[in-house]
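Novice: Here are the chains, one letter per residue:
2 protein chains.
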Amino acid sequence: MEKKLEELKNRLFEVNDLNMIGAVLNWDQSTYMPPGGAAARGRQMATAGRIAHEKFTDAAVGKLLDDLQSYEESLPYDHDDAALIRVTRRNYEQLTKVPGELLATFLAHSAETYQIWAKARPENDFTAVSTHLEKTVDYSRQIANCFPGYDHIADPLIDFSDLGMKAESVRTLFAELREALVPLAQAITAQELADDSCLKQTYPENEQLAFGQQIIKAYGYDFERGRQDKTHHPFMTKFSLGDVRITTRVKENDLSEALFSTLHEAGHALYEQGINMAYEGTPLANGTSSGVHESQSRLWENQVGRSRTFWQHYYPQLQAAFPAQLGAVSLDTFYRAVNKVQRSLIRTDADEVTYNLHVMIRFDLELALLEGSLSVKDLPEMWHGRYQSDLGLRAPDDSDGVLQDVHWYGGLVGGAFQGYTLGNIMSALFYEQALTAHPEIPAEIGQGQFNTLHTWLQNSIYTHGSKFTANELVERVTGAPLTIAPYIRYLQTKFGELYKL
Amino acid sequence: MEKKLEELKNRLFEVNDLNMIGAVLNWDQSTYMPPGGAAARGRQMATAGRIAHEKFTDAAVGKLLDDLQSYEESLPYDHDDAALIRVTRRNYEQLTKVPGELLATFLAHSAETYQIWAKARPENDFTAVSTHLEKTVDYSRQIANCFPGYDHIADPLIDFSDLGMKAESVRTLFAELREALVPLAQAITAQELADDSCLKQTYPENEQLAFGQQIIKAYGYDFERGRQDKTHHPFMTKFSLGDVRITTRVKENDLSEALFSTLHEAGHALYEQGINMAYEGTPLANGTSSGVHESQSRLWENQVGRSRTFWQHYYPQLQAAFPAQLGAVSLDTFYRAVNKVQRSLIRTDADEVTYNLHVMIRFDLELALLEGSLSVKDLPEMWHGRYQSDLGLRAPDDSDGVLQDVHWYGGLVGGAFQGYTLGNIMSALFYEQALTAHPEIPAEIGQGQFNTLHTWLQNSIYTHGSKFTANELVERVTGAPLTIAPYIRYLQTKFGELYKL
Numbered sequence: 161m162e163k164k165l166e167e168l169k170n171r172l173f174e175v176n177d178l179n180m181i182g183a184v185l186n187w188d189q190s191t192y193m194p195p196g197g198a199a200a201r202g203r204q205m206a207t208a209g210r211i212a213h214e215k216f217t218d219a220a221v222g223k224l225l226d227d228l229q230s231y232e233e234s235l236p237y238d239h240d241d242a243a244l245i246r247v248t249r250r251n252y253e254q255l256t257k258v259p260g261e262l263l264a265t266f267l268a269h270s271a272e273t274y275q276i277w278a279k280a281r282p283e284n285d286f287t288a289v290s291t292h293l294e295k296t297v298d299y300s301r302q303i304a305n306c307f308p309g310y311d312h313i314a315d316p317l318i319d320f321s322d323l324g325m326k327a328e329s330v331r332t333l334f335a336e337l338r339e340a341l342v343p344l345a346q347a348i349t350a351q352e353l354a355d356d357s358c359l360k361q362t363y364p365e366n367e368q369l370a371f372g373q374q375i376i377k378a379y380g381y382d383f384e385r386g387r388q389d390k391t392h393h394p395f396m397t398k399f400s401l402g403d404v405r406i407t408t409r410v411k412e413n414d415l416s417e418a419l420f421s422t423l424h425e426a427g428h429a430l431y432e433q434g435i436n437m438a439y440e441g442t443p444l445a446n447g448t449s450s451g452v453h454e455s456q457s458r459l460w461e462n463q464v465g466r467s468r469t470f471w472q473h474y475y476p477q478l479q480a481a482f483p484a485q486l487g488a489v490s491l492d493t494f495y496r497a498v499n500k501v502q503r504s505l506i507r508t509d510a511d512e513v514t515y516n517l518h519v520m521i522r523f524d525l526e527l528a529l530l531e532g533s534l535s536v537k538d539l540p541e542m543w544h545g546r547y548q549s550d551l552g553l554r555a556p557d558d559s560d561g562v563l564q565d566v567h568w569y570g571g572l573v574g575g576a577f578q579g580y581t582l583g584n585i586m587s588a589l590f591y592e593q594a595l596t597a598h599p600e601i602p603a604e605i606g607q608g609q610f611n612t613l614h615t616w617l618q619n620s621i622y623t624h625g626s627k628f629t630a631n632e633l634v635e636r637v638t639g640a641p642l643t644i645a646p647y648i649r650y651l652q653t654k655f656g657e658l659y660k661l
Numbered sequence: 161m162e163k164k165l166e167e168l169k170n171r172l173f174e175v176n177d178l179n180m181i182g183a184v185l186n187w188d189q190s191t192y193m194p195p196g197g198a199a200a201r202g203r204q205m206a207t208a209g210r211i212a213h214e215k216f217t218d219a220a221v222g223k224l225l226d227d228l229q230s231y232e233e234s235l236p237y238d239h240d241d242a243a244l245i246r247v248t249r250r251n252y253e254q255l256t257k258v259p260g261e262l263l264a265t266f267l268a269h270s271a272e273t274y275q276i277w278a279k280a281r282p283e284n285d286f287t288a289v290s291t292h293l294e295k296t297v298d299y300s301r302q303i304a305n306c307f308p309g310y311d312h313i314a315d316p317l318i319d320f321s322d323l324g325m326k327a328e329s330v331r332t333l334f335a336e337l338r339e340a341l342v343p344l345a346q347a348i349t350a351q352e353l354a355d356d357s358c359l360k361q362t363y364p365e366n367e368q369l370a371f372g373q374q375i376i377k378a379y380g381y382d383f384e385r386g387r388q389d390k391t392h393h394p395f396m397t398k399f400s401l402g403d404v405r406i407t408t409r410v411k412e413n414d415l416s417e418a419l420f421s422t423l424h425e426a427g428h429a430l431y432e433q434g435i436n437m438a439y440e441g442t443p444l445a446n447g448t449s450s451g452v453h454e455s456q457s458r459l460w461e462n463q464v465g466r467s468r469t470f471w472q473h474y475y476p477q478l479q480a481a482f483p484a485q486l487g488a489v490s491l492d493t494f495y496r497a498v499n500k501v502q503r504s505l506i507r508t509d510a511d512e513v514t515y516n517l518h519v520m521i522r523f524d525l526e527l528a529l530l531e532g533s534l535s536v537k538d539l540p541e542m543w544h545g546r547y548q549s550d551l552g553l554r555a556p557d558d559s560d561g562v563l564q565d566v567h568w569y570g571g572l573v574g575g576a577f578q579g580y581t582l583g584n585i586m587s588a589l590f591y592e593q594a595l596t597a598h599p600e601i602p603a604e605i606g607q608g609q610f611n612t613l614h615t616w617l618q619n620s621i622y623t624h625g626s627k628f629t630a631n632e633l634v635e636r637v638t639g640a641p642l643t644i645a646p647y648i649r650y651l652q653t654k655f656g657e658l659y660k661l
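In the order they appear, the protein sequences are chains A and B. First residue of the first sequence? That's 161 in the numbering used here, and the numbers climb one at a time after it. First residue of the second sequence? That's 161 in the numbering used here, and the numbers climb one at a time after it.
What the hints contain is simulated information worked out from the structure, not anything from laboratory work. Fair warning: there could be bad hints in the mix.
The list treats identical chains as one, so a pair stands whether inside a single copy or across any two.
To be verified - 20 Å max Cα-Cα, derived SDA-like pairs, lysine to any residue: (1) Lys-164 x Ala-268; (2) Lys-377 x Pro-194; (3) Lys-377 x Pro-195; (4) Lys-654 x Leu-262; (5) Lys-326 x Ser-190; (6) Lys-326 x Ser-467; (7) Lys-215 x Asn-179; (8) Lys-390 x Ser-190; (9) Lys-215 x Asp-319; (10) Lys-215 x Asp-414; (11) Lys-500 x Asp-240; (12) Lys-390 x Pro-194; (13) Lys-390 x Asn-366; (14) Lys-215 x Glu-174.
All chains should be built: construct the whole structure from the sequences, respecting the hints.
Specialist: Next comes the structure, spelled out in structure tokens:
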């Protein structure tokens, strides 16, 4: 058995090397690659991806997994070897159940769709991409149908990013959340808008970057095992557990852009840097789901990084770094500015209160497209209708409407968005649990110290990598299934205080 | 036939993708990678290299080459398809004649030796690495013996980097060169040393980099298809013909470091950027030999970048960029400073006149080790003896003696050094030929214009990639075999004028 496990691991290490290589190629493409490198880079990424796929879906891997089943069954569920075999089998089945030809055709279609969308969005031309989007919906259905036995056709697609979540259970959670969010958003937006002009002054790039880096260092982000570079769209990427990088985007006329994207991506990176080193090179060495990943980026960005306690410590330092811009701005004004709530059209710019309403619109529309109750041609108008009813706004065009997010134009329709809101819900759930275990955490944050919180997250969540699913992790950490209660409490307390509700 | 050629190309593209991926991984390792990434990066590079090797040495490639032989024979020698099949076959034979197991054992040995050397050099401990070096000599002999029929055991190893050059012919060239160089070096070093203190002031990094970049842009280096980053050891690397990058090292207390390494690496890059785009992804899309590659780096660094004409144009700009440092330094003083000739211990710091003496010592010692007339235990003393007799100096220790260069400790003994001097020789040969064709070149250089020279090199050398060997290229360009005469003329004229000989 030991030999078989060894052989499986060696095959996994090779696949992992190729996947990590793909990440390096992508990082370079987004950070430093000159324009002339683009054509060849596309081919290089495709080659690495194709070989990784071939090697992972090799029948020999399936045979090893079969041979190891009795060993797996002899072990406790949370034994590392059992988890490795279980998670590898799950990934193997996900990748082998979709016929290679279908996958290849879809990927080619997807690359083409992305190119068309990248042109169609600035030109506000939804019809240019609508035939492709129809095909995407069709491919998404075909891929879902490779996994028969589902309750809802979106379930297998949701499984790709948030394993174990179901359309129905997510719908229920989201409906509950909506009931609390809508009146909260209404009560806040009935008041005068917060003044965030203090953030819109000129802030030199280097000083902005230095300030953000100093904070994430204090969070526990290890620059010996990572680095920060600039990109057009911020992201976190990993080349190994010893090399977890983040990127940011700096706007010299908007202090919040680089600062909060840095805290957000550092949250993702803390998760990956915290995975048990013994899992290196295997499928266990990844965050377990989109939702759990997002819970960490949002926890460090929002629960911590937009809290009053946090700024009680950091604001004097920020003022010292930017005396001309902030010397005369009070902590209270600054705190209200970084927590400004406003109905808006663009998901990625949305505040903590309204953000989830954007996600829910997309989630509902995805399900309707997959079910066939909504056709692609009616999608733009349905989008506007939902923005009108849920957020009281209508985008002037499709560029800031149905064309605003890349997800449907560079991947599947189905499963693309729920992770953002699941992440917000879990961020509060985990944070509340950390505070219960260590009531001293807020006081420490007020001192610019994050070690107790970081250590608790490390031991409760990060170290496990993909050993447990999101649902299992929530159960282990809180002793109960996923619930929105802590998240509602968090929002109501924070924004109730801010807006005297 | 067309289908077979197509199939061969597709296999070559895949291998090329994997090789280029290896280059990206290596570039990142040398420029931006945090320390924590090192362990996994070594494995990732090994995986990409192993798969590339497996795919290139696949028997199916050999079969395709056999099938294509009659097609190749039906074509003129300089037809692109004929060249592709010929060069691919040559590389295929080089890689398949060495048994996979021998190669793998040697590569593992080599990686280990490098680690030991990296520690032994600063500790001045040759004995720590001498047993490994003995094994390297033995492996080098074994690998050479995979290519029976050679005149000298070093010939197959020389072929790896300078195909078609032979130990005997190189020895003859070097002996001739030595006869001219020794008296020249003696005549110069009998005089007072040039004063280069003007270069050793404080020069801020960003201004240094900007100045170098402005020059190489004028040379014709295309920043849309390349970029410059900082590393410990400067190098040129290529990820595709559209992405050819260079690196440099800046010393704020030595202006010549970044400046001339930038011109040098840009010379390598101009060669690669100039290869016929139709060769992209195939073995033709590479510089043809170490010697020809070095001829281009040295031509742009020395023949152009250390010429008086060049500085007549650029020195006023350099003074304007660094008025406090150079405002009071005359062009003549500066020109003498960047052409200072001095007997020294370290090859990489050597000037144009003495540089080749360093290379010859290494070349002779390599041959002696391979022939068995010199044993590794006697090598350090032999090194000191040769430095004493050839350069009149003795290093205080082995760190600056036999341990100074990485080559023997990270690769084969044999074939590692001759390319540097062959490059110098060819740089003058090609440059003289360009001047014969276009006598206006020096006047243009005096205006900071390089287009005529660049275009001539592009059409005569760069565009061909690996289509012709170095010897073939020299014959095509000059109508005669390689000769040292132009190089001697160049050195005697330039340094004769500088030192009034």
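Novice: Now, for every hint given, state plainly whether the structure supports it.
Specialist: How the hints compare with the structure:
In this assembly of identical chains, Lys-164 and Ala-268 lie within 20 Å of each other by CA distance neither inside one copy nor across copies; the values are 36 Å within and 25 Å between. For the homomeric pair Lys-377 and Pro-194, the shortest alpha-carbon distance between copies (15 Å) is at most 20 Å, but the shortest distance inside one copy (30 Å) is not. Taking the shortest Cα distances, Lys-377 and Pro-195 sit within 20 Å of each other only across copies (16 Å), while inside one copy they are farther apart (33 Å). With identical chains, the CA atoms of Lys-654 and Leu-262 are never at most 20 Å apart, being 48 Å at best within one copy and 67 Å at best between copies.
In this assembly of identical chains, Lys-326 and Ser-190 lie within 20 Å of each other by CA distance neither inside one copy nor across copies; the values are 33 Å within and 46 Å between. In the homo-oligomer, the alpha carbons of Lys-326 and Ser-467 never lie at most 20 Å apart, since the shortest distance is 32 Å inside one protomer and 73 Å across protomers. Taking the shortest Cα distances, Lys-215 and Asn-179 sit within 20 Å of each other both inside one copy (11 Å) and across copies (19 Å). Taking the shortest Cα distances, Lys-390 and Ser-190 sit within 20 Å of each other both inside one copy (8 Å) and across copies (19 Å).
For a Cα distance limit of 20 Å, the shortest separation of Lys-215 from Asp-319 qualifies neither inside one copy, at 22 Å, nor across copies, at 35 Å. In this assembly of identical chains, the alpha carbons of Lys-215 and Asp-414 never lie at most 20 Å apart, being 46 Å within a copy and 51 Å across copies at closest. For a Cα distance limit of 20 Å, the shortest separation of Lys-500 from Asp-240 qualifies neither inside one copy, at 45 Å, nor across copies, at 64 Å. For a Cα distance limit of 20 Å, the shortest separation of Lys-390 from Pro-194 qualifies both inside one copy, at 14 Å, and across copies, at 16 Å.
When the C-alpha separation of Lys-390 and Asn-366 is checked against a cutoff of 20 Å, the pair qualifies both within a copy, at 11 Å, and between copies, at 19 Å. Within a single copy, Lys-215 and Glu-174 get their C-alpha atoms as close as 8 Å, and across copies as close as 15 Å, so both meet the 20 Å cut-off.
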